[in-house]
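**Student:** Here is how the chains run, residue by residue.
2 protein chains.
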Amino acid sequence: MNQDPRNGMCTVRKRILLLKFYAIPGIIDGPLSLETINPGVLSAHYAVRGKLAQLANEINKEIASGLHQYPFAKTVQANLGNPQGCGQKPLTFLRQVLCLMEYPNLLSEHESVIEGIFPSDAIQKAKDLLKHTGSVGAYSSNSGVSEIRESIAKFISERDGYPAKADNVFLTCGAFEGMLIALTLISGGRARGEKTGVLIPVPQYPVYIALMKTLDLEPIPYALEEDRKWGIPSQEKMDKIIRDSRQKGCVPRCLIIINPSNPTGAILSESDLEGLIELAAKERLLLLSDEVYQSNVFPPYQFRSCRSVLLEVQDRKRDELLFTTLQLISLHSVSKGMLGEGGQRGGYFEAVGFSSEVKHEIQKLVTFTLQPATAGQILVELMVNPPKSEDPSYKLYKSEYDAVFNRLKNKAEALVEAFQQMPGYHCQSPQGAIYLFPRVELPRAAVEAAKLSGDAPDVWYCAELLKKTGVCIVPGSGFGMGDGSKDGNIWFRVTFLGEGDEWIARLKSFQEHFMNTYV
Amino acid sequence: MNQDPRNGMCTVRKRILLLKFYAIPGIIDGPLSLETINPGVLSAHYAVRGKLAQLANEINKEIASGLHQYPFAKTVQANLGNPQGCGQKPLTFLRQVLCLMEYPNLLSEHESVIEGIFPSDAIQKAKDLLKHTGSVGAYSSNSGVSEIRESIAKFISERDGYPAKADNVFLTCGAFEGMLIALTLISGGRARGEKTGVLIPVPQYPVYIALMKTLDLEPIPYALEEDRKWGIPSQEKMDKIIRDSRQKGCVPRCLIIINPSNPTGAILSESDLEGLIELAAKERLLLLSDEVYQSNVFPPYQFRSCRSVLLEVQDRKRDELLFTTLQLISLHSVSKGMLGEGGQRGGYFEAVGFSSEVKHEIQKLVTFTLQPATAGQILVELMVNPPKSEDPSYKLYKSEYDAVFNRLKNKAEALVEAFQQMPGYHCQSPQGAIYLFPRVELPRAAVEAAKLSGDAPDVWYCAELLKKTGVCIVPGSGFGMGDGSKDGNIWFRVTFLGEGDEWIARLKSFQEHFMNTYV
Numbered sequence: 001m002n003q004d005p006r007n008g009m010c011t012v013r014k015r016i017l018l019l020k021f022y023a024i025p026g027i028i029d030g031p032l033s034l035e036t037i038n039p040g041v042l043s044a045h046y047a048v049r050g051k052l053a054q055l056a057n058e059i060n061k062e063i064a065s066g067l068h069q070y071p072f073a074k075t076v077q078a079n080l081g082n083p084q085g086c087g088q089k090p091l092t093f094l095r096q097v098l099c100l101m102e103y104p105n106l107l108s109e110h111e112s113v114i115e116g117i118f119p120s121d122a123i124q125k126a127k128d129l130l131k132h133t134g135s136v137g138a139y140s141s142n143s144g145v146s147e148i149r150e151s152i153a154k155f156i157s158e159r160d161g162y163p164a165k166a167d168n169v170f171l172t173c174g175a176f177e178g179m180l181i182a183l184t185l186i187s188g189g190r191a192r193g194e195k196t197g198v199l200i201p202v203p204q205y206p207v208y209i210a211l212m213k214t215l216d217l218e219p220i221p222y223a224l225e226e227d228r229k230w231g232i233p234s235q236e237k238m239d240k241i242i243r244d245s246r247q248k249g250c251v252p253r254c255l256i257i258i259n260p261s262n263p264t265g266a267i268l269s270e271s272d273l274e275g276l277i278e279l280a281a282k283e284r285l286l287l288l289s290d291e292v293y294q295s296n297v298f299p300p301y302q303f304r305s306c307r308s309v310l311l312e313v314q315d316r317k318r319d320e321l322l323f324t325t326l327q328l329i330s331l332h333s334v335s336k337g338m339l340g341e342g343g344q345r346g347g348y349f350e351a352v353g354f355s356s357e358v359k360h361e362i363q364k365l366v367t368f369t370l371q372p373a374t375a376g377q378i379l380v381e382l383m384v385n386p387p388k389s390e391d392p393s394y395k396l397y398k399s400e401y402d403a404v405f406n407r408l409k410n411k412a413e414a415l416v417e418a419f420q421q422m423p424g425y426h427c428q429s430p431q432g433a434i435y436l437f438p439r440v441e442l443p444r445a446a447v448e449a450a451k452l453s454g455d456a457p458d459v460w461y462c463a464e465l466l467k468k469t470g471v472c473i474v475p476g477s478g479f480g481m482g483d484g485s486k487d488g489n490i491w492f493r494v495t496f497l498g499e500g501d502e503w504i505a506r507l508k509s510f511q512e513h514f515m516n517t518y519v
Numbered sequence: 001m002n003q004d005p006r007n008g009m010c011t012v013r014k015r016i017l018l019l020k021f022y023a024i025p026g027i028i029d030g031p032l033s034l035e036t037i038n039p040g041v042l043s044a045h046y047a048v049r050g051k052l053a054q055l056a057n058e059i060n061k062e063i064a065s066g067l068h069q070y071p072f073a074k075t076v077q078a079n080l081g082n083p084q085g086c087g088q089k090p091l092t093f094l095r096q097v098l099c100l101m102e103y104p105n106l107l108s109e110h111e112s113v114i115e116g117i118f119p120s121d122a123i124q125k126a127k128d129l130l131k132h133t134g135s136v137g138a139y140s141s142n143s144g145v146s147e148i149r150e151s152i153a154k155f156i157s158e159r160d161g162y163p164a165k166a167d168n169v170f171l172t173c174g175a176f177e178g179m180l181i182a183l184t185l186i187s188g189g190r191a192r193g194e195k196t197g198v199l200i201p202v203p204q205y206p207v208y209i210a211l212m213k214t215l216d217l218e219p220i221p222y223a224l225e226e227d228r229k230w231g232i233p234s235q236e237k238m239d240k241i242i243r244d245s246r247q248k249g250c251v252p253r254c255l256i257i258i259n260p261s262n263p264t265g266a267i268l269s270e271s272d273l274e275g276l277i278e279l280a281a282k283e284r285l286l287l288l289s290d291e292v293y294q295s296n297v298f299p300p301y302q303f304r305s306c307r308s309v310l311l312e313v314q315d316r317k318r319d320e321l322l323f324t325t326l327q328l329i330s331l332h333s334v335s336k337g338m339l340g341e342g343g344q345r346g347g348y349f350e351a352v353g354f355s356s357e358v359k360h361e362i363q364k365l366v367t368f369t370l371q372p373a374t375a376g377q378i379l380v381e382l383m384v385n386p387p388k389s390e391d392p393s394y395k396l397y398k399s400e401y402d403a404v405f406n407r408l409k410n411k412a413e414a415l416v417e418a419f420q421q422m423p424g425y426h427c428q429s430p431q432g433a434i435y436l437f438p439r440v441e442l443p444r445a446a447v448e449a450a451k452l453s454g455d456a457p458d459v460w461y462c463a464e465l466l467k468k469t470g471v472c473i474v475p476g477s478g479f480g481m482g483d484g485s486k487d488g489n490i491w492f493r494v495t496f497l498g499e500g501d502e503w504i505a506r507l508k509s510f511q512e513h514f515m516n517t518y519v
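Top line first, the protein sequences correspond to chains S and X. Each residue of the first sequence is one higher than the last, beginning at 1 in our numbering. Each residue of the second sequence is one higher than the last, beginning at 1 in our numbering.
There could be a bad hint or two in this list.
Identical copies look the same in the list; a pair holds intra-copy or inter-copy alike.
Calculated pairs, DSBU-like style, for lysine-lysine (alpha carbon to alpha carbon, straight line, at most 30 Å) [to be verified]:
id, residue 1, residue 2
1, 131, 398
2, 61, 131
3, 89, 127
4, 364, 388
5, 195, 364
6, 127, 395
7, 195, 359
8, 154, 317
9, 195, 248
10, 127, 398
11, 388, 240
12, 89, 131
13, 51, 468
14, 165, 364
15, 359, 467
16, 165, 51
17, 89, 51
18, 317, 359
19, 74, 248
20, 61, 364
By construction, these hints were calculated from the structure, which means they are not laboratory data.
Only chain S is shown next, with the shape it has when bound in the complex (with noise of 0.2 Å):
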């Protein structure tokens, strides 16, 4: 490195002059200043990798450090639906093909030593695929590569019993840039005059709202019902909260789906299904249904397709015209369900009833904002594309796909057995998807020593909870829901992913010792 003396003296006088000038407010500011930034992004909130994240990578560095008195050797990281970062085994076969794609020489060069290492049909999947996709370094149709986009409409179209098509099927880095697409299409009201409007469910994954801010779109909280199995509410309600909207200026042009949700873990049914696509036909609203967890379902709940419930009513009341206009965009990835590979960013997005024109504009859209990653495809491929019965992998294959099933299944009872014996918890049985969303009673000795801390009494509870038992998990505000200041009432958001057990035995004795502490 060029170690410049001057850039030590620079420091320093930088420093004595940016002082001085601190003293004339405004002057300092650069370009880019709290004044001049996207008032978007200002008023955006992302909880999840928030206060308690934060808080849990000083605990993380104090327990590395030796010198701590926490009563466990590490935290676990209950904030965030990251599979394999939470010791989920990825799926062999995936791995292999991915391995072999992306160095070939293997399969041209190494031949017999490969073919004693993997199994036939991961090699023949991994020539296959580099057929279509070419070397993984080069860049594919920004739509994604022809072939795996045949694979997903196949894969949709045996889902749902109506036929799909690989032209409306667009690969992407995860399921974000299907949100980032589709929210996108939507703004640029301001531009026309207009305030537009996206109804989110309460509670709701956070980065929809913090994305809808910096693209000055304005959130219409619909709020999920707790006592419903956070099911959806009347359309009385929502008529009202449309109506409410409109009166304040505020447009509505789409309606966001979570099914399974994040972060309660329901799975709607078909009727609450149908009653927001009736809404959205009346209301003339965008269908976004963002079905990351379809996989992530425990029986006998049974995960229903927005498409194919949509499709079904459209066929149903084929004389009404305001159901033919239906659009709905949906969403699925390979970063939850038994793959868990949110680092490798593989999604698509599927986009239904758009007219020619509208189709070309997302196609546009498409073309200069997205180029999804090869290995994030090859994975989306292999997930509509497992092993068959006959497959030389498949036994493997299926296997490991159930132990994480079963995993995650019983953690989740395990879990939800541990919040039904807790003082002041209710929760509601899991459902699907990885997440629990208790509900906790906070005695108003609670609420008063949260407010002595200054933080609301959800942030408070979770960060005493992180540092008595090392469990990170997210406060219900930061979904939407009340922070507990108002009548004791709190929630979080918690996931099943994380190893072991002894930490539910943690939470368990914290909460005995919190009533008493607080009674």
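Starting from the known structure of chain S, arrange chain X on it as the hints suggest.
**Tutor:** Showing chain X alone in chain S's frame:
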């Protein structure tokens, strides 16, 4: 697949109904129509994968069908900066590391086999990186793996001779996400009652303007000067551009620099960079410097990063208030250079000169919008930390790296030599990047012929050239240049990635024939 007999019926009936409804204009529109879609998306254009790319697709289909009369066996994709899509081989060391990281079982269970195939430094690097990243399927911090951020900071420090901080470095999926973050930060002006403008070179990489349109930002073009080797306009001209923009009510907030340039291949001189930095200081513009081609540089030309010039200027003018507040976001990626790993989505941006408050906002935006692909992050690490001369992989790495460099240089020289011999052609010598941007003087008869075709002259010319030679290029109007209808001057961008040389000969004979036809 559930072959529901209703599907077929439904489709037929729906078509009939739709035909009926189309008679009532406006009523059939779904929620997202040309009237309600983001007007910025409507007004965006993207030529690189536009009309010519579609025509190339059609030609390829005709060729594949066997029934065609084209004098070539396949088209040359010279429209797209897609190195590995054009046959550039990946660097072995990089892919060996990625292969081992995708399937770490090779390291744990087949070590002896692997040691016979992989060099020891690739094995060691994979092991080290697995320690830092964990599973490649896990999410990293949204800013990227901290050890990789440290490596990048070290690389930048050594490149510039001024120390860089890992804390200012953010990993991205390719350079695009850096652009998106930077432009998102300065967008949202309309909510503050401001029309925000961005200074952008012309010709320019068209993703920038397309993205600005979708974010409601106004491009303020500054014309590069072809006769000054595509250098920056004089300070007086720049001042006038800014004055004119302000007079029209558009406030410039950002200055984009593309160096080495896409599409001209020009490399900015130190004095050009200094001029731009002074302008940014004076006008309080955020500098956004796209430096993805920084290793595609042909001697005697040299690349100077915007950062190094900025810090030098700042150092020299440390007593001038305006220079203390300069802010820069610079971009780099693994998609170009000798790696050419665009499909794997690796890149980073560095943010220099921001107050802690603004950095907090950048960090927040990153936290809910970015999740850099692990393979991409690993490639960034290997780009900034390649094998050293004492490492077992060094010899092969160096020879592969040099072979790519020399192939590009030779192809660029052969292409320029051909252009300089072709009647009507004017082309600057290659300085860097992977493009040439020649000007063609069309004879009046050719402009007339284009008019009859209904296409702009440059689009028409590129289509003629494609049909006769199989070489797909991008018309200059897609980069903001004139389309030839006024004065017969047209431009196009051509990459020098294409395999073989015979297509260069085809270009020559095409142009000779063309000039004879339209004399």
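**Student:** Each of the hints needs a verdict: does it hold here or not?
**Tutor:** Okay, the hints, checked on the actual structure:
1. 131 to 398: both (27 Å within a copy, 28 Å between copies)
2. 61 to 131: between (47 Å within a copy, 17 Å between copies)
3. 89 to 127: Result: close both inside a copy and across copies, 25 Å intra and 17 Å inter.
4. 364 to 388: neither (37 Å within a copy, 43 Å between copies)
5. 195 to 364: both (25 Å within a copy, 24 Å between copies)
6. 127 to 395: both (21 Å within a copy, 29 Å between copies)
7. 195 to 359: both (24 Å within a copy, 29 Å between copies)
8. 154 to 317: within (26 Å within a copy, 63 Å between copies)
9. 195 to 248: Both: 10 Å inside a chain and 25 Å across chains, each within 30 Å.
10. 127 to 398: both (23 Å within a copy, 28 Å between copies)
11. 388 to 240: neither (49 Å within a copy, 67 Å between copies)
12. 89 to 131: both (28 Å within a copy, 16 Å between copies)
13. 51 to 468: Within one copy only: 16 Å inside a chain, 62 Å across chains, cut-off 30 Å.
14. 165 to 364: within (18 Å within a copy, 37 Å between copies)
15. 359 to 467: between (51 Å within a copy, 28 Å between copies)
16. 165 to 51: Between copies, since 23 Å is at most 30 Å while 44 Å is not.
17. 89 to 51: Intra 28 Å, inter 45 Å, cutoff 30 Å: intra-copy only.
18. 317 to 359: within (24 Å within a copy, 52 Å between copies)
19. 74 to 248: Answer is neither: 49 Å inside a copy and 59 Å across each miss the 30 Å cutoff.
20. 61 to 364: between (46 Å within a copy, 22 Å between copies)
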